[in-house]
Amino acid sequence: MKYVLTLVCLLAAAVVRAQEQVEMADTMRAEGKIYVIVGIVLIVLAGMLVYLFMLDRKLSNLEKERGNRTS
Amino acid sequence: MKLWMKVTAVVLLVYTHTAGLLFDVPRLPILNETIRALYFHVPMWFGMILLYGMSIYYAIRYLRNPLEEYDIRSVEFAHVGTAFGILGMLTGMLWARYTWGAFWHGDPKQNGAAITLLVYLAYFVLRGSLENQEQRARLSAVYNLFAFAAMIPLIFIIPRMQSSMHPGSGGNPGFNAYDLDASMRIVFYPAVAGWFLIGYWIATLRVRVRKLLLIDTAS
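Residue numbers (the working numbering), protein chains in the order written: chain F, 31 to 101; chain B, 737 to 955.
Keep in mind that the hints were calculated from the coordinates and are not lab data. This structure is a prediction, so every number in the text was calculated from the model and none was measured. Where a beta carbon is used, it is the ideal one built from N, C-alpha and C, also for glycine. A hint or two may mislead.
One-sided excerpt, in silico: chain B residues whose CB lies under 8 Å from chain F [as the list claims (entries may be wrong)]:
#	residue
1	Val743
2	Thr744
3	Pro765
4	Ile893
5	Leu941
6	Val943
7	Leu949
8	Leu950
9	Thr953
Over the 10 Å line for every Cβ pair with chain F, so calculated as not near, a few chain B residues [unchecked claim]:
#	residue
10	Val750
11	Pro802
12	Arg833
13	Gly837
14	Ala858
15	Gly864
16	Ala885
17	Arg896
18	Ile938
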């Protein structure tokens with residue numbers, strides 16, 4: 031009887047632990063608002079990358095200009 | 737730098753910024769949703785180490801064959817690497833504030849990373865204090881070897897020998913602690929590759945600016 035009771039207690043503890051959910055931003059995900067954040071982050075990232083491409087091209091033009099002058 | 741490398745960097749970063757926010761992550765207490773910071777914080781450090789690796793590579797090439805080109809490449813990779821390290825430090829401090837309770841804990845990993853950054857800052861101080869180009873290039877190339885050699889125990893070995901809260905330290909191997917289902921690797925590794933490519937790109941831009949300035953002073 032004692033062993034059965036111990037077993038039941040252990041099982042109950044296991045069940046309780048499984049139900050204990052770690053808090054995450056589930057509501058925000060359910061409402062779809064996470065996509066707003068994804069959108070904003072991607073816009074900022076895209077802006078930075080476009081800027082980098084433009085810098086790169088500007089530098090290429092400068093190099094071309096210098097190359098012509100020295101030759 | 738080839739165009740396909742830049743496009744790859746863009747694709748990888750767009751992917752990791754989307755997947756990093758949307759994909760499922762392990763539900764762990766204390767970390768909660770901040771576990772996603774791994775996708776953005778750790779690639780800064782991996783990027784820094786890889787960029788410092790490029791820097792020491794060109795330092796060695798300079799010592800074998802003293803061309804100014806190698807010196808310029810070495811210093812610019814170290815420069816971008818340090819920028820990545822500072823970002824890694826700031827993101828880590830913010831993350832620590834919400835998981836460890838304070839911005840700065842004096843954790844072995846934090847201290848080691850801070851000392852590494854100071855070692856590399858001294859590299860720029862050394863360069864700034866020498867007028868002669870050849871002397872500056874040779875001395876800083878030698879210092880670069882010591883800086884990289886100092887970084888390895890500071891970041892990888894000492895934190896593992898002490899008790900550190902940082903994952904991958906205090907005897908914990910890698911970041912297996914919260915990487916049980918490997919679902920995070922498919923976002924994390926592309927993030928490292930993407931950020932490294934961006935750092936590489938910025939470094940090449942800076943090298944090209946330096947070379948333009950050299951032509952300017954020569955003519």
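We went through each hint and held it up to the structure:
Interface hint at Val743/B: violated, since its Cβ lies 10 Å from the closest Cβ of chain F, which is beyond the 8 Å cut-off. Because the closest C-beta pair between Thr744/B and chain F is about 12 Å apart, greater than 8 Å, the hint is violated. Because the closest C-beta pair between Pro765/B and chain F is about 5 Å apart, less than 8 Å, the hint holds. Given the 8 Å rule on beta carbons, the hint for Ile893/B is violated: about 33 Å separates it from the nearest Cβ of chain F.
Nearest Cβ of chain F to the Cβ of Leu941/B: about 6 Å, under the 8 Å cut. The hint holds. Checking Val943/B against chain F by beta carbon gives a least distance of about 10 Å; that is not within 8 Å, so the hint is violated. Because the closest C-beta pair between Leu949/B and chain F is about 11 Å apart, greater than 8 Å, the hint is violated. At about 11 Å, the closest approach between the beta carbon of Leu950/B and any beta carbon in chain F exceeds 8 Å, and the interface hint on this residue is violated.
Hint status for Thr953/B relative to chain F: violated, with the closest Cβ pair at about 12 Å, above 8 Å. Not every beta carbon of chain F lies more than 10 Å from that of Val750/B, the smallest distance being close to 6 Å; the non-interface claim is violated. Even its closest Cβ contact with chain F, about 24 Å, leaves Pro802/B beyond 10 Å, as expected for a residue assigned away from the interface. Against chain F, the non-interface label of Arg833/B holds: every CB pair exceeds 10 Å, the least being about 18 Å.
Separation of Gly837/B from chain F is adequate, the least Cβ-Cβ distance of about 18 Å exceeding the 10 Å criterion. Interface exclusion of Ala858/B from chain F stands, the closest Cβ pair being 29 Å apart, more than 10 Å. Here Gly864/B stays apart from chain F, with its beta-carbon at least about 24 Å from theirs, past the 10 Å limit. At the 10 Å boundary, the C-beta of Ala885/B stays outside the reach of chain F, the nearest C-beta of that chain being 32 Å off.
The claim that Arg896/B is not at the interface with chain F holds, since no C-beta of that chain comes within 10 Å of its own (minimum 27 Å). Interface exclusion of Ile938/B from chain F breaks down, the closest Cβ pair being 7 Å apart, not more than 10 Å.
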